[in-house]
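S.K.: As a plain string of letters, each chain reads:
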Amino acid sequence: MSEASRNDILARLRGTSASATPEQIARKLKALGYAAPARMPSADPRTAFLANVLANKGSAELAADRKIAVQMVGKYLYQRFRTYKLVAGNDPRIAAMPWRDAGVLPRFGAAENGDTAALSYARLAVAETGSVVTYTGRANPGRNNLLPEDHLVLVNTEDLVVSLEDAWQRIRRDQPADHWPRGIQFIAGPSSTADVEAQLVMGAHGPRRWHVILVGDTPPQALVDAVKLAATLT
Amino acid sequence: MEQASAALRDSDKVERRDLLGLFLPLARDAAAERYGDFDALRAHMKRVRSHTMEHLDHYLGQFEETALRNGNQVHYAGNGDEMNNIVLDICQQHGARRIAKGKSMVTEETGLNEHLQLGGFDVTETDLGEYIIQQAGETPSHIVGPALHKSLAEIRQLFLEKHSLGERALEQVTDIVTEARSVLRDHFLKADIGIIGANALVAESGTSMLVTNEGNGDLCANLPPVLIICTTLERILPRAEDAMALQRLLVRSATGQPQTCYTSFYSGPRREDEIDGPLETHIVLLDNKRSDILASDYREILDCIRCGACLNACPIYVGVGGHAYGWVYPGPMGSVLTPLLTSLEESNALPNACTSCGRCAEICPANIPLPDLLRDLRHEETLRKLSPIRWRRGLRVHAWLLGKPRLYHQLTGFLMPLLAWLGRRRGAFHTLPFAGGWTGHRDFPAPQGGTFMKRYQAAQRRKKA
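These protein sequence lines are chains A and B, in that order. Reminder that position 223 of the first sequence reads as 223 in the working numbering, one-by-one numbering, no gaps. Reminder that position 347 of the second sequence reads as 347 in the working numbering, one-by-one numbering, no gaps.
Chain A with its partners taken away, still in its complex shape (with noise of 0.2 Å):
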């Protein structure tokens, strides 16, 4: 059924498509360029950044290293759970970081239902939609990005991109030749539906709440400024 439909559709689109090398489609496709990226809030992709990733109903802190970051975790989960437990994929970055010091007890592996708290490393943030990019892996599962009641996620500076063709670029640079991870996913936000009464609601079917951390080198005005301008993207 399916081997017949397929020689019958590709002959059709065979009769309509205009002929050309391969080479030739490349080139025109090549010449066709990219689209230029949305409108930034702030010519400091930092603070563009931490701008939508506010506007996108999340929350954000800066961390200048990594220890402070724990510190920053540890607070959120005690502030938000009463207590220290989280779950994180195998993820080498997040095992190197002194957890202890905050009395946090990451759990390393798949996300379960019920957990509270999943943290993330992305690969990626980017600065025109507010986004982080995560690959799905051992370093972290599918599940982690979906079913925690809150999201956590430590980002790097210097994996900080302007756009989404720059964010495209890095991703390409990550894989061998033709080898994609399984998912690639932009997260922008805490999941959230309109479908009752075309009311905004958080929390729809994945977590109700999406906290980042930029880590590195931001200077504390850049998250001021961007508190400021996510006011006026809303």
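Not the full set, but computed from the structure, chain B residues with beta-carbon under 7 Å of chain A: (1) H44; (2) V48; (3) L56; (4) H75; (5) A77; (6) L128; (7) V173; (8) E214; (9) P238; (10) C261; (11) T263; (12) D287; (13) S291.
In short, the hints are calculated from the structure, not lab data. Cβ coordinates follow ideal geometry from the N, Cα and C atoms, glycine included.
Dock chain B against the given chain A, drawing on the hints supplied.
M.R.: Frame of chain A; chain B shown alone:
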């Protein structure tokens, strides 16, 4: 027609649609403005789409190759029945029972749910809007917000009936969302098969892009051991960057957001080093007349990205709602697509419902000339003599008369005051000679006296004086 009359009688629903028809276009305009040069983005996407459609054989071949290399099984379905049977076969082979489904207009088009349910499977829609209408036994009224026609009170009543969870208030929208979340969480965890659609297919990488806010599609794609992606040929784009450009247009046009919560690219089954994800992935590519449309003068409708902006902008859609269109695709895009996917014989009322106001073409992110395509369908209807003979004769007389402006003005100058005088008491006619078909379903408003030309000339005179 009867559906349209019924739709207009339900005043609560009329009010709801009026509000959405006001609010959604404003949200879209604001988002387009914040983006920057949105028209340039639309034009860029148009060029990419035209290029892709021109070489669809090449890109489909490339997609098949890369998708297979990623470990997917790729299936082709010539029509809806074939797609339904392919999916049913996969479910049966796995001895599956429970199926969790993400939002997919393609599976609405093929009636997949009923097919699987007849096969004995337990199918649950997981997008909140789709879940609500599935529980209510209805079809979507909007391609993006399928349950926007339902009030909070109706949904509350539905949930109280369908979920045996005892006494509870369920008075706020947040209560509804929380209840759906906990009920559906169980479905995600227990599902044997996940079924999702695709917003785009990327030829260079064999991946499919999924755009959602709720995260339900991603749960369907990550949790069950088998994933089936139901999609169509024209979703193909050459590069990941092209999918991102489409996504920029889609989110702003659909909901006025700058970015959806989740934009995911899925390439295939679980990799060797992974501890979660589906063990088996299938991609079912449906044609269902799309290759015919590609060869026709209506090919631009294949550029549609299913954002729903033309629905929100259409005075007819806002007036009568999605159910009045009688099939899965409503509004301007549906009025073009439905006659092409079914037949002009069955669906000729749809192109005729258009007032040619042009708002849809102004905002369509894919720059589809929707009013032109609708006019072409009406033209084809006349050429193929599908419209009633009296109608066609009337149009011929009208066309002849328009070629004689003096006679036309004399005739209308005489008829308009007459009609105004006849209809002076009610302001409208219930019946008119030679127009029984028209007045059978609506009143004909009585003229206010004087033709357009007379009023125009009077205004010109006033201006001069």
